[in-house]
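Asker: Okay, here's what each chain looks like letter by letter:
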Amino acid sequence: MVEQNENCFRLNHLENSWDIETYVANGGYEVWKKVLAGELEPSEIIEEVKTSNLRGRGGAGFPTGLKWSFMNRYAPGQKYIVCNSDEGEPGTFKDRDILRYNPHALVEGMAIAAYVIGASAGYNYIRGEFWEPYQRFNNAIKQAREAGFLGENLLGSGFDFDLFTHLGAGAYICGEETALIESIEGKKGQPRFKPPFPASYGLYGKPTTINNTETLASIPMILAKGGDWFNDLGVHNAGGTKCYSMSGHVNNPGNFEVRMGTPFKDLLELSGGIWKGRQLKAVIPGGASTAILPAAKALEMNMDYDSIAKAGSFLGAGSVIIMDDQTDIVKVMQNLSHFYWDESCGQCTPCREGTGWLYRVLTRIVEGKGKLEDIQALKDVSGKIMGNVICGLGDAATIGLTSALEHFEDEFVHYIEHGCSIYDRS
Amino acid sequence: MVKIEINGQVVEAQEGCMLIDVADDAQIQIPRFCYHKKLSIAANCRMCLVEVEGAWKALPACATPVTDGMKVHTKSAKAISAQKSVMEFLLINHPLDCPICDQGGECELQDVAMDYGDDVSRFTEAKRVVSDSNAGPLIKTDMTRCIHCTRCVRFGQEVAGMMELGATGRSEWMEIGTYIEKSITSEMSGNMIDLCPVGALTSKPYRYTARAWELIAHKSIAAHDSMGSHIHVHSKNNEIKRVVPRENEAINEVWLSDRDRFSYEGINSDTRLTQPLIKQNGSWNIVDWETALEFTVAGLQKTLVNSQDIGVLASASSTLEELHLLQKLARGVGIENIDFRHRQVDFTIDQTDFNVPTLAHEIVDVEKLEVVLIVGSYLRKELPILNHRIRKAFLEGAKIAVVNPIDFDFNYKTTLLNIESGMVFNLAGIAKAVLDIVGETDQTWLNSIQPTDEHIAIATTLVDAKKSSIMLGQISQMHADYSVLQKLASIIAESSSTTLNILPLAANEVGAHLVNFLPKLGKNSAQMIKDGLKAFINMNIEVEADFTDADAAVNAMNKAEFVVNLTAFDSDLQRQYADVMLPIATYAETAGTFVNATGLKQSFKMSVEPKGDAKAAWKVLRVLGNMFDIAGFDYVHSNEVLSELLDNTADKVDFSAVSSQLPTSNNDSKVQIISPYHVDAVVRRSPSLQATPDADPATMGRG
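Top to bottom, those sequences are chains A and B. Using my numbering, the letters of the first sequence map in sequence onto residues 1 to 426. Using my numbering, the letters of the second sequence map in sequence onto residues 1 to 703.
Do not rely on the hints blindly, as some may be mistaken.
[What the hints assert, rightly or not] Pairs of lysine-lysine residues, derived as DSS-like cross-links and limited to a Cα-Cα distance of at most 30 angstroms, are as follows:
| # | chain 1 | residue 1 | chain 2 | residue 2 |
| --- | --- | --- | --- | --- |
| 1 | B | 670 | A | 187 |
| 2 | B | 78 | A | 310 |
| 3 | A | 206 | B | 368 |
| 4 | A | 194 | B | 466 |
| 5 | B | 37 | A | 188 |
| 6 | B | 670 | B | 652 |
The hints are simulated quantities; they were obtained by calculation from the structure and are not laboratory data.
I would like the entire structure built from these sequences, with the hints used as guidance.
Answerer: Here it is in structure tokens:
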């Protein structure tokens with residue numbers, strides 16, 4: 001029996017789980033009240049979060065407690081907490097459900113984070129297509145304000161904190177934290193060169209902490225039940241639960257919150273197994289920016305950072321894309337390369353020029369006009385992008401393709417030699 | 001200081017400096033496109049990637065601060081591989097149209113591609129094509145060639161202070177453009193041409209007229225404002241093809257105003273006068289120089305019976321040598337009606353003494369000012385290089401207040417004092433407020449003034465600031481109450497420890513003072529044209545355009561019996577009123593000296609030969625001096641003229657000795673607003689500049 005929905009999705013089964021009444025009736029805002037009453041020091045909170053072994057759920061997996069400790073809450077001047085709800089990674093849709101079903105956990109998590117870093121204002125940057133989640137979250141802010149959890153001199157503590165939403169306009173790159181900052185500032189969404197990092201030069205040039213939706217929404221429960229509770233749910237190097245978005249060729253796609261270290265097999269079973277009675281061919285375990293794994297490797301791994309890394313990929317945002325044994329990997333790569341080509345911000349040379357090059361070569365191969373040297377060209381161009389770009393998008397554009405060429409090169413060769421896919425019998 | 005190693009060479013550097021600057025100082029070449037020392041760091045081209053030991057990937061040298069013990073390799077396999085990768089990416093979509101690209105031969109992409117590019121491309125897909133937009137008369141866009149380095153965009157944001165270009169779209173569709181098709185209107189826009197590393201932004205007037213390698217570069221000094229910007233005049237076959245800035249940190253840095261860049265078109269104008277002309281019996285005849293000069297001398301001698309009947313008028317964009325010889329010639333024959341201040345209307349100060357307008361700061365020090373009070377000036381357009389330094393001061397936190405008759409669009413935030421009150425009242429209010437703050441009571445003539453809160457606020461910042469400055473510009477100079485404005489400004493300056501600057505505008509306004517090209521004993525410019533004289537000697541002026549009271553000036557010329565014009569240009573009006581037209585060289589065709597706003601004498605050589613039979617004016621004046629038998633006209637070289645006046649000093653007025661009273665009415669509306677592209681005969685003949693919005697005072701600065 002796989003334990004489910006212990007943290008972010010714990011209220012999802014309730015009616016109107018998104019209303020403040022439901023949230024409060026289930027222990028919501030208790031931590032925030034304690035914080036405002038001065039019963040929890042910022043340093044204690046950071047220690048608790050460090051103990052919980054919570055790592056950033058946006059994809060990079062950076063320890064949250066450590067990130068918060070970079071901010072000096074007592075430094076003079078404005079500071080900001082920013083939540084990254086620009087959930088755009090192909091295969092990812094977990095934050096959307098947090099916003100829809102448990103928005104108050106995020107409001108409370110952001111408020112606590114703001115208190116820890118000394119921010120009096122927070123922004124939640126929500127993906128442009130998320131209209132319903134945007135409305136739910138805005139409603140949660142409104143309810144929290146009315147209840148006195150947001151605003152000035154909160155519950156007589158003298159602490160001010162208010163929260164604002166910013167709706168994106170459909171650019172994947174705005175999920176990159178510095179592009180997101182630029183976008184909030186009203187500029188063209190493109191990443192900044194780092195350093196300086198947002199902790200020293202962030203939103204409007206002020207110290208800023210940026211966390212993912214799931215990360216921040218996890219905070220209230222961690223502080224309510226203790227860092228050890230959360231840590232013990234998971235495995236070494238990965239505390240707590242994780243929301244996985246299961247998509248692709250499964251019978252029951254959707255979000256599943258399970259404990260870190262849950263075997264992949266179990267997760268696959270939760271999502272109803274491979275559809276149409278077929279076999280598993282390959283898995284992209286962490287979203288389009290992570291390496292593709294052949295079935296054999298995937299079936300042996302557990303869903304946590306170290307185990308997936310050992311299998312040759314990355315946990316990323318927990319966006320598991322399942323591919324059955326009829327999947328044309330070359331077309332998958334053409335599709336993904338189109339995405340990165342389309343979504344590159346255009347700022348730096350290798351990504352702007354290289355992603356289009358990859359897409360064009362892959363398209364040529366799919367159209368039966370490939371040449372054998374194209375395979376080397378794909379590898380070369382990927383290598384020339386990797387590591388030479390400002391942000392992770394360019395790197396990400398090559399990771400899937402490089403791994404596909406590693407595991408499924410024969411399918412590319414077949415396309416080139418026969419002008420069609422290995423599944424095409426005509 | 002930290003020690004780092006680049007390619008095994010130990011280099012000392014300031015901690016935190018960017019690697020690319022440290023390498024540049026150590027003469028270690030790192031290729032780059034987006035990096036520019038005068039612009040913010042973008043790190044987007046990725047061309048400067050180098051290997052830094054300890055970093056898993058190559059790092060951009062432009063954005064990597066040096067730390068002690070850092071070991072850098074710019075030519076290791078990893079560095080070269082990263083650089084070649086970027087080069088390959090830059091070239092796949094760049095058109096190979098070098099043979100028809102104006103940038104060819106001076107293209108940074110071309111140069112770097114020679115070192116890092118491959119001769120054969122593996123990219124066999126179709127190349128990107130971008131449609132062009134019309135960016136106005138000065139800059140030609142070819143955006144298919146753009147490599148998206150964003151130098152032009154950053155220039156607009158950071159230097160020009162108006163974001164006229166930006167990036168729209170993403171990925172391969174990212175385009176640099178104006179978004180809505182419009183002209184680029186910054187008075188410094190031409191610098192984007194220099195900044196563009198490829199042929200995406202090229203000079204429209206220069207386009208297709210020469211190749212870079214055919215040009216000869218001549219060092220020279222810019223001639224259309226008092227900054228004395230350093231320039232290179234580029235010529236081919238004795239014709240000026242373009243003008244570009246010559247780097248000089250103390251004056252123009254790496255920049256140049258559009259006026260000084262594109263004015264050369266006027267030098268190549270069809271209206272140049274190329275042969276001496278004399279009017280005999282009502283008709284104009286082309287003659288040789290000897291005949292023309294004899295005709296001139298004879299004509300003048302007829303009038304010389306009474307030397308008070310002759311006026312000598314010149315432009316302050318003439319060289320020091322020209323102005324000196326012309327006044328020497330005039331005074332040699334007893335003429336004292338000498339002046340160059342044709343736009344000035346209020347000469348009251350002259351009764352005390354002649355005040356030499358000066359920028360009292362070194363140009364670089366202007367960026368360190370904390371408060372600047374601009375009085376009567378659209379400084380952006382009048383003196384773009386000085387305005388740029390003020391903008392830099394503003395970006396460092398300086399406060400800028402403006403007393404003007406019109407709400408001009410500045411490229412930094414200003415506090416404009418109430419226009420309705422009038423310039424004199426505003427300045428008087430500030431002066432009174434300053435006096436009140438410091439507790440001075442002896443300026444009784446200001447007793448009736450009631451300073452407003454605005455006046456008091458500005459007065460307070462002036463008194464409080466350690467480095468403050470008050471600057472009077474062209475509109476003050478042309479104001480009917482110029483003397484009152486100067487006096488008030490001097491009171492403010494004196495009482496609040498503020499530096500007083502009466503800004504010289506023309507290239508050699510300070511020089512004209514230095515050689516006494518002034519009516520010390522005679523009539524000033526306005527009196528000469530008002531009273532009407534029997535004869536005039538004019539140098540480098542067009543009466544219909546260079547005078548505030550142009551009608552009176554034209555009238556005076558028409559009425560005069562004998563008019564000699566030393567001029568670079570022919571015109572119908574001159575043919576109507578003049579009797580002799582002597583073709584002279586423009587600034588680029590003669591050796592000479594300009595004295596800039598700070599008093600710096602800058603000599604330059606001839607860049608190209610004068611057009612046709614035109615001659616350098618100093619040579620013409622030397623011959624005339626000899627023909628009039630005046631002693632001391634035996635110069636062989638222009639340096640000899642210069643050496644004669646190196647010890648000259650110009651007068652400064654003690655404004656406390658100037659008696660003044662407040663005007664009874666607001667005279668602001670009488671001031672003519674002059675377009676920056678209307679200031680002298682050469683600029684007026686540059687078709688490209690004349691096609692910009694700044695050529696018309698009604699649209700100036702509004703793009």
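Asker: Quick check: which numbered hints come out false for this structure?
Answerer: Result: hints 1 and 4 break, sorted rising.
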